[in-house]
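> Chain by chain, the residues run as shown.
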Amino acid sequence: MAHYLLSVVTPSEGEPPAEDEMNVIMGNVAKLQSDMQEAGVWVFSGGLEAPDTATVLRRSGDDVLVTDGPFVELKEYVGGLTIIDVPDLDAALHWGRRSTEAIGLAIEVRPFHWAP
Amino acid sequence: MSEPLSSVTITRIVTEEYGRCVATLTRVLGDIDLAEDAVQDALTVALSRWPADGVPPNPGGWLVTTARRRALDRLRRDAVGRDKEARAAREEPPPDEPDQEEGGPVHDDRLRMIFTCCHPALALPARVALTLRLLGGLETPEIARAFLVPEATMAQRIVRAKNKIRAARIPYRVPHDADLPDRVPGVLAVVYLVFTEGHATATRDDLAAEAIRLGRLLAELMPDEPEVLGLLALMLLTEARRPARTAADGSRVLLADQDRTRWDADLVTEGLDLVRRCLRRGAPGPYQVQAAINAVHTTAADTASTDWAQIVALHDQLLALAPSPTVALNRAVALAETQGPARALTIVDELAERLDRYHLLHAVRADLLARLGRDGEASAALDAALARTDDPDDRALLTARRGTTGGGG
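First to last, the sequence lines map onto chains A and B. Take 1 as the starting number for the first sequence in the UniProt record's numbering and just add one per residue. Take 1 as the starting number for the second sequence in the UniProt record's numbering and just add one per residue.
One chain only, chain B, in its complex shape (with noise of 0.2 Å):
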């Protein structure tokens, strides 16, 4: 009846439920704060007991149920508490399975936290920042860590999010389906936002891993959104590449230069299982036409074989979805390949205007000027991108092309 208790078990367990008990005692008690002082009693009880009489069968339910009596005993000797004492002894007991609404969606509490922590009225940062904490069960400081803001300011951010909520009465409730084409999409903004800050830096991989918990979560509890499904193909695809993405020394490769065997096998296949099943339901969206331009790298054996023609043409559905200039500028870089460099420089030409403090554009340019023999104003853009971007990453690859370009001719 019980498995052997190991810190890492512990750490498994407590990341895995943290967020589903403190969802479904938000629900019963009617107050985050409340919710995760009890789910935080709960886990010092487990901690002291565990070791000795061995893990419950189903600790989530265990926790909840021992949280929600130590809420009770809480708010008993608090007389303010009256009220919330006779709502939580009202409340039907929390289930331990989702609940399941006749004809309607399964609404488990996670996905009404998650509407509630990315409401709009909430600024993006308050909504990521909210989301970890209450969903992912990070501590205020590794939040503060990932985000590189002082632990005081992420604190200060995460109270006031809360006491918006209870002050404004933000809903703990999933939308309408009706409303869920405007709400979804903030929801999903959150998670990619976790994603890509995760992406971004090698050091921080931990965000990369829980947007991708988050994002099988939201899977699991709207498996009909197939942006959703697109959001996660996308991240898994992404995350596939990982370990390519980083040689030896520890330096950046770019997708051109990775050693596509080691990319992870068992994520190219999820991802490409989702976005088969994307295709099908033929409901195309912003993260869905991503997945699908990561699939089509995915599936080639390397950068020549590659369908670039296939590639152009979703960065044309995907422009008209959601036009942006970095959407136009990673078009050019696919139409250099089917159309030429010359091509591509024109419409890299256009955008230089908005993008101008965009790296990226400058090393884009630098690109196609050296492969049309222009030296002189290729190593010019490189220093130009160089001039825009701190991360050593970047700059160390910047570098390293600029050593190569205009020396041979």
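Looking at chain A on its own, in the form it has when it is part of the complex (with noise of 0.2 Å):
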């Protein structure tokens, strides 16, 4: 089995969706992750808050530097992510494919390099 990281591509632009289509999504989201614990391949999921909301931390020498958010403003970020652990590439991307269609947002499918 390998670990894959499903990380949602969030647009900086543009209007949040309102609360209702919202309702719609978490409810999706919620039943993706129950199906996920019962193929026995979930491991993590969870939502971010924006990136204005980050430090960051930066080793400088001997000492480490703590700055507030990151500077650069991106076209996306990573609104939130699944980690999953399943066979191969093809399940992964069964997952991804299931991600994109509940939240309606572009997902990224990252092998991980090493897990314990």
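The hints are all genuine.
Not the full set, but computed from the structure, chain A residues with beta-carbon under 7 Å of chain B:
hint: 1; residue: Ala2
hint: 2; residue: Asp90
hint: 3; residue: Pro111
Result set (DMTMM-like, lysine to aspartate or glutamate): computed pairs, CA atoms no more than 25 Å apart in a straight line:
hint: 4; chain 1: B; residue 1: Lys164; chain 2: B; residue 2: Asp108
hint: 5; chain 1: B; residue 1: Lys164; chain 2: A; residue 2: Asp90
hint: 6; chain 1: B; residue 1: Lys164; chain 2: B; residue 2: Glu151
hint: 7; chain 1: A; residue 1: Lys31; chain 2: A; residue 2: Glu101
hint: 8; chain 1: B; residue 1: Lys164; chain 2: A; residue 2: Glu76
hint: 9; chain 1: A; residue 1: Lys75; chain 2: A; residue 2: Asp52
hint: 10; chain 1: A; residue 1: Lys31; chain 2: A; residue 2: Asp88
hint: 11; chain 1: B; residue 1: Lys164; chain 2: A; residue 2: Glu108
hint: 12; chain 1: B; residue 1: Lys164; chain 2: A; residue 2: Asp88
hint: 13; chain 1: B; residue 1: Lys164; chain 2: A; residue 2: Asp85
hint: 14; chain 1: B; residue 1: Lys164; chain 2: B; residue 2: Glu139
hint: 15; chain 1: B; residue 1: Lys164; chain 2: B; residue 2: Asp37
To be clear, the hints were calculated from the coordinates, so they are not data collected in a lab. A virtual CB, placed ideally from N, CA and C, is assigned to each residue, including glycine.
Assemble the dimeric complex from its two separately framed chains, guided by the hints.
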């Protein structure tokens, strides 16, 4: 089995979905997660706060500098993620497809180089 | 027990066996790079031994056995290879014949390899390069030359693709029957792209030959997929016309002006036979319909006696299966023969915006305008066509036509 990261590619521009729409998406996501758990592939999932809530730590000589948020304006950011444990890319793409159908945003599927 | 060894014999054996050996070794070793190295080792051994000992009766089996032994030697020397050594020792010895699963399709290792090389998670140029390298046994510099990219670029493309197969775990298997309809077109697109690249330029006919070889292999491995047969038929019927496509001075000859006695009769027979087999299946697809269009052209003695109504009907079918403005343009060309140039021109003008950058749109317009006696506009359309192509053959044909348009009224 291998671990894959499914990231939700979220556009920085544009209107977020209305409340009704958001409720539908959250329902879809809950259903998808239970399907993943039932299939024994689910490891972790979660939705992230907006990028402007981030703090960056960067080593500088012997010190560590703390900065408030990423300053680069990105066209898209990781809005949420799921980690699954499946046999191969075809299986990962199957769950990636289900995710993009559930959320309506693009999903990036990326293999882990190593995982515990 | 042995045949006389010449470099031609060796080249033929390498061409025929390379893809099969790498495909089998990839299954046994679970790694493409390892498989390629092992096959390369085995070829080196073969080149040093065969001249003295003669070619073994089953050169492919010999190469696979030798390559597997060499790979095991390599892995034993290499501490990180222990896992793979265990796997290689555990796997069934590679069969000389494709293994036939009970009640299932024959799963030749090359079919696994094709589906891995043509996986939708790989970009089309990467799929093409990998397929030619791993199944066709073409060297990276040859592939680079064929696609007119620097060798370093092509090498990087192949390394990146192989790395993704390994890192992302693209599976090495034939998709389940339920997934085949989604996956087969991706494979056929790769083979057809190799063919059209080879067909577009006379100096790259080795690519067309390689595409046909891959097409024959696919037809052998998936004889029940009508589109696989359709693609092979399309390539054979197109290739059959190659001898007539070039004039003595090297310039290109269009279908209407070709000496049809110069078509390759064997390829025509084989292609037509495949088209008939497709028709009996009654499951048409884009490649089958394009093959059928070529079959209609091929069975006509000349342009005048071509069954243009049939060609229009087949284009209608093709438009329904795979709508595209270029198909609509080709349909208009056929329609000019059944309903006249004025009706065809109306359709071409409707396509003009979408196909403005395509030189053939303007070339077709020029032809229709000339047939309607509108010579001034025809000349302008030829100029528009000339402004949109750098291909020397295209330009020669267009320039010659402009010389005859508008001169006599």
